[in-house]
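Protein chains in written order, with my numbering: chain A, 1 to 337; chain B, 1 to 337; chain C, 1 to 337; chain D, 1 to 337.
The hints are simulated quantities; they were obtained by calculation from the structure and are not laboratory data. A hint or two may mislead.
DSS-like, lysine-lysine: derived pairs with alpha carbons at most 30 Å apart [said to hold, decoys possible]:
#1 K301(C) with K191(D)
#2 K187(B) with K284(A)
#3 K329(A) with K51(C)
#4 K276(A) with K24(C)
Number of protein chains: 4
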Amino acid sequence: MTINVGIIGATGHTGEELISVLLKHPNVRISRLYNTSDEPHKISDVFPQFKGRCELVCSKPDMKDIANHCDLVFLALPHTVSMNFAPKILKLGKKVIDLSADYRLKNIKVFEKFYHAKHKDAANLRNAVYGIPELYRANIKKAKLVANPGCYSTSAILALAPLVALGLIDKESIIIDAKSGVSGAGKKLEKGLLFLEVNEDFRAYKVNTHQHMPEISSILTRLAGKSVSVTFVPHLLPLQKGILSTIYVRKIGRTQNLANLYKKFYKNEPFVRIKKEGEFPRLKDVVGTNFCDIGIKEDTKSVIVISAIDNLLKGASGQAVQNMNIMYKFPETTALL
Amino acid sequence: MTINVGIIGATGHTGEELISVLLKHPNVRISRLYNTSDEPHKISDVFPQFKGRCELVCSKPDMKDIANHCDLVFLALPHTVSMNFAPKILKLGKKVIDLSADYRLKNIKVFEKFYHAKHKDAANLRNAVYGIPELYRANIKKAKLVANPGCYSTSAILALAPLVALGLIDKESIIIDAKSGVSGAGKKLEKGLLFLEVNEDFRAYKVNTHQHMPEISSILTRLAGKSVSVTFVPHLLPLQKGILSTIYVRKIGRTQNLANLYKKFYKNEPFVRIKKEGEFPRLKDVVGTNFCDIGIKEDTKSVIVISAIDNLLKGASGQAVQNMNIMYKFPETTALL
Amino acid sequence: MTINVGIIGATGHTGEELISVLLKHPNVRISRLYNTSDEPHKISDVFPQFKGRCELVCSKPDMKDIANHCDLVFLALPHTVSMNFAPKILKLGKKVIDLSADYRLKNIKVFEKFYHAKHKDAANLRNAVYGIPELYRANIKKAKLVANPGCYSTSAILALAPLVALGLIDKESIIIDAKSGVSGAGKKLEKGLLFLEVNEDFRAYKVNTHQHMPEISSILTRLAGKSVSVTFVPHLLPLQKGILSTIYVRKIGRTQNLANLYKKFYKNEPFVRIKKEGEFPRLKDVVGTNFCDIGIKEDTKSVIVISAIDNLLKGASGQAVQNMNIMYKFPETTALL
Amino acid sequence: MTINVGIIGATGHTGEELISVLLKHPNVRISRLYNTSDEPHKISDVFPQFKGRCELVCSKPDMKDIANHCDLVFLALPHTVSMNFAPKILKLGKKVIDLSADYRLKNIKVFEKFYHAKHKDAANLRNAVYGIPELYRANIKKAKLVANPGCYSTSAILALAPLVALGLIDKESIIIDAKSGVSGAGKKLEKGLLFLEVNEDFRAYKVNTHQHMPEISSILTRLAGKSVSVTFVPHLLPLQKGILSTIYVRKIGRTQNLANLYKKFYKNEPFVRIKKEGEFPRLKDVVGTNFCDIGIKEDTKSVIVISAIDNLLKGASGQAVQNMNIMYKFPETTALL
């Protein structure tokens, strides 16, 4: 079985990575590439590495064209732009995987506070499925609209899910110190993203005000069954790809051997790897893969959990393809191992 | 007034940086360079950037030579090596600034646990002054032996001193998430320090077991007047120089406007700069300088403090020269601004 | 059809890249991994990124084991080591692709001069086929032993082949200014390969004495039908992967539109891409791929040719798999696009 | 003696570096900082590293203000902008050191071809002195207007001057393969200068069309006494600072021991260092200094010369201060060693 897939936002980082992954997928034909701003042009002019591998032309998104040529559409668009397209595509009876934040937060007020824009599609928001396979695989199977998680959120939620779901930690104590490579920032032409500003530098940004905070809190709250809040400080690393999150929590009770508990929690998961005691993840082991590596350090009163992912793969396009594989009953690791 | 200064360990990172700073010092003549292992050789053969600026020959340390040619000796040596030299030099009536850890921890058992070696010089350890000018300037003035602080320790202690000294925080709650450039690791020929291992990578190491932990705890304990412990996770950044520490603490009571409080605490300090509210330090602003930049984010219950230093200057050789300036009553910023 | 493939030297850079490529190959089963020095150990302990994808154990090479389990063996070994293994494996009737320099130079004296060792296998050297598919595909098809080209050599030979083969340039005038990422240097634990030595640095090395010079000259001489010599200066770039060679030659005669001539020369080649006039290659377009990109700037008297490859793929393991595809009549781009 | 110095263009890279150097100069008071576009603001808000060291306000350039407060003005401005200011300042009787290209090319037609703008100040162009101290020290001493050389030009001219001045090489044969760090490109907000575009990449640009070509040719022509042309290909290195030029020439005659000849040529020069035979420059030895390091490899027919400088110091602001020292008879190395 082969499906026809379109990408809106094909010229951004997540679009580029999606093309890269899908070109290796035996059950997918990339049928259409769209972007919202430029004149039609060959994708291989934007990304010369695709020359000789993908010669599709990228044009403005058109609903008739989508109706005729796509079974599924990936929205690799900026936040607040996706919700202009998703309802129209869903109305055509097509499936949608949205890589923006538009369908991640069920609470519209919180969305509007953190994304500084009105939400325009409450109807579909209600039915959107949060696309972390490790937690919501059953729902993803039946989903028409998947809200693909944020990169920081993926790294934090996978690291915390066992502790939170099993009620092992003080829910007021979660501190997430996260560090991301530059590709997490998208393709904006900003002074702060110039080589001379980033290279040989390191800094925190959006200190405890980042828009992934409410995303993390809301999913952890769902897992815990009661309100969970987090402290969250993201930092910018002078490198291309990867997120490493160092997470500090206080335990309640006297659990021990958390590494074993994590191994059980994730035992059938193809993309979560738990480190042996005393070993911790590093970016090099996950960049270029769809894996999330997790290491745990447990003391009497507290736990340190460190997780690492490729922000563009498990943190975005890789996880999006994993979700697609689940929706279409393809083997979940297809094109991702 | 000009003093004659010797450096033992001149060919390491901190030795190199010491030479670089002292060459600009109008009251210092670098009279002797020593290292412990190699044949005599010109320092400009090891560091070609000194060609035409410093043509001293580096030879094995010799006490008679020191007696005749040095007023002060910097020990830029590995931990557990300094204590072989300090007592002999002090016996000559010369002053010593030790950049290793050998005289930082008053508790010999703790030293031996973290540095895996017997301490050989309890006598001088007792009188050694911990060289953070912002806290112990009066003692440094009269010191014969200064224990120059560790790089991580400097960044953490300066960031926490006001909160701890004024009793504003829960002393069990301190979490220090620190990130250092590679020069912090010294010049070892180790697989983990190869370009291909470090570049485009990021990882934690010595998770909550690093030897600077007891150093930080012991100084904070002295400041607090009661036992303080810290959680400490260092990480390796793919860049040359700089430490940025992101520190999380829980408040007790309802203080506000901590930035002002920090400004008061450090108001006469030439090398501590407090950021305006909403601004945070970055490595680029401090690398190449002796400054420590500090930014503060305060919430109802907790505080996030971020500090940045150049690990080889304020974190090592710069602070050592600052201590020397104090000991000899030179203007404190000489050669450092 | 599926073949069983062994790799000797699986824990080096080219071994790692070979595993990575071959895991994607539908007609290959990696049946055995060997390395020459260590105790048996899981390959995923050396390269944690393979955890969950390849759990083979790496052990000392054993001829009986090879006889029973491999159709083809890749030698991903240091120079002068391969020739200890190749003759034994060939005697078993197995095919060999050697990624070292041991079978590249037909002239044994030149080999011994540049590699400082006696050649031990003149017999097989005679029949070894130099593995640049674009020039020697017909021979590779029938080869038992392929000498896989050097990384610098591949980038220079592909850039110069049309000009040299068609007799368009002064054969005394070739200057190759080449720049390589650090992975070209292999995995040695050398001071010059430490992060602090390479990062933010750039330097030439082996100025006009590098061992790839005679390899390039000998192949160009074969193409020209008369003696060709080259000036060759390699440089070390502060990055992981990629070689960019800037090549200067003087024309004889008045050719024009060399870009067209290059396009014709390489018109059926799946992995050579010629840039439009005024456009030049960059590393980002080829790193992670098996492509060689070439750009040309032509003046009245001289030509500048710039080529770019991934040193570990088209410059080593990718080209090795391309050669294997040709030897076994698999589609030539399998696992490489 | 202390002079009052103004900088127009204080917020660019060369402005920043000028401030940094001049703050260490005992005979200079930075009296005024100007920039052409923004509202008045403290320089330490633009460059936080100057906080506590330089608190001047940067405002629009004003001739009356300059008349009252400056003895010398540095123009750290983009090409074609300097010539709007230089004539006015010179008319006030003040001295000018221009870091742009506006006064480097005596041939106005060549200027206009390479800089795409009319030249507006032919009068002062005639008397401007090209500011390479090693070649034109006597003229610099008496100069009112110094045209500070381009960064690539400095690296190429110092490397070639002995060979060209002594008539040892074929003047048609000069090939300059130059590699520069990103700070050479100025502070433009361009896609090509984003971290994600530069990091882990390497590419040539302006292949044989760069605007420093005619500057190099014209100075070499002056030195040779007859027309010299050069082939010049610049490349972009993924690092902050430094230019390394690898230069290929054909000899005429049979000179030998060129290293000695270079040592004689530059024997009284404080900032040119000639490498021993078999040793070659690297960026790390010169970055952060005003030195130009030169290494030479001589064969029967050809010579390879490699030179390295810090593009912002010897290639711009350092050399500008060296010129100032000469103009005011300060010791030439003041603030530069």
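Hint-by-hint comparison with the structure:
Proximity of K301(C) to K191(D) is assessed by CA-CA distance (about 34 Å); at most 30 Å being required, the pair is judged violated. Distance restraint check for K187(B) and K284(A): the Cα-Cα separation of roughly 22 Å lies within the 30 Å cut-off, and the hinted pair is therefore satisfied. Note on K329(A) and K51(C): the hinted pairing holds, with a Cα-Cα distance of about 24 Å set against a maximum of 30 Å. For the proposed pair K276(A) and K24(C), the alpha carbon gap of about 28 Å is at most 30 Å, so the pair holds.
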